[in-house]
Amino acid sequence: MNFQSSGFIFGDADLVKQLCVNLLTNATRHTPCGTAVELTLSSDAEWVKLIVSANGLGIPAAERTKVFGRFYRPDKTLGLPGTGLGLSLVRAVADLHGGQIFLSDNRTGLVCTVSFPVAVGSSAFGA
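Note that UniProt numbering has the sequence shown beginning at 1, numbered continuously upward.
There may be inaccurate statements among the hints.
What the hints assert, rightly or not - Straight line, CA to CA, 25 Å or less: simulated PhoX-like cross-link-like pairs of lysine-lysine:
1. 66 / 49
2. 66 / 17
3. 49 / 17
Unchecked claim - So the derived label-pair ranges between C-beta atoms look like this:
4. 66 / 4: 28 to 36 Å
5. 106 / 62: 14 to 22 Å
6. 12 / 32: 29 to 37 Å
Read the hints as simulated data drawn from the structure, not as lab findings. Glycine included, C-beta positions come from ideal geometry on N, C-alpha and C.
Please model the entire structure based on the sequences and the hints provided.
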């Protein structure tokens, strides 16, 4: 875990916790044993960002918008456990909180960034 800065969001704590569980479960499920999954929390004046980086199977660029659909699973994951609901729930929770999700490549896997708007009236840096 890497906490670069702190920030505040308004939202349902249980739903945000489930979002984190789903992201980390998905990342560890698709990452080889012994390979690290990195969780970073950062913020700026507008966004609190939860970033999960993994060196796993990755997701082809053409399939990145599809993985947030209910029950969608890329072909290369069909032999692995899962229902295809985890990332659709992540998208739903982010949407409910006015958030955004971005998938991007890292050298050997994928980075998922979920950004939540900073709570109005709070400092992005916890002051």
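Hint check results:
1. Distance restraint check for residue 66 and residue 49: the Cα-Cα separation of roughly 22 Å lies within the 25 Å cut-off, and the hinted pair is therefore satisfied.
2. Using a Cα cut-off of 25 Å, the hinted pair residue 66 and residue 17 holds, with the two alpha carbons roughly 23 Å apart.
3. A distance of roughly 14 Å separates the Cα atoms of residue 49 and residue 17; the hinted pair therefore holds under the 25 Å criterion.
4. Evaluation of the 28 to 36 Å hint for residue 66 and residue 4 yields a pass: the beta carbon distance comes to about 31 Å.
5. Look at residue 106 against residue 62: about 18 Å separates their beta carbons, and that is inside 14 to 22 Å.
6. Distance hint for residue 12 and residue 32: a CB-CB separation of about 34 Å, consistent with the stated range 29 to 37 Å.
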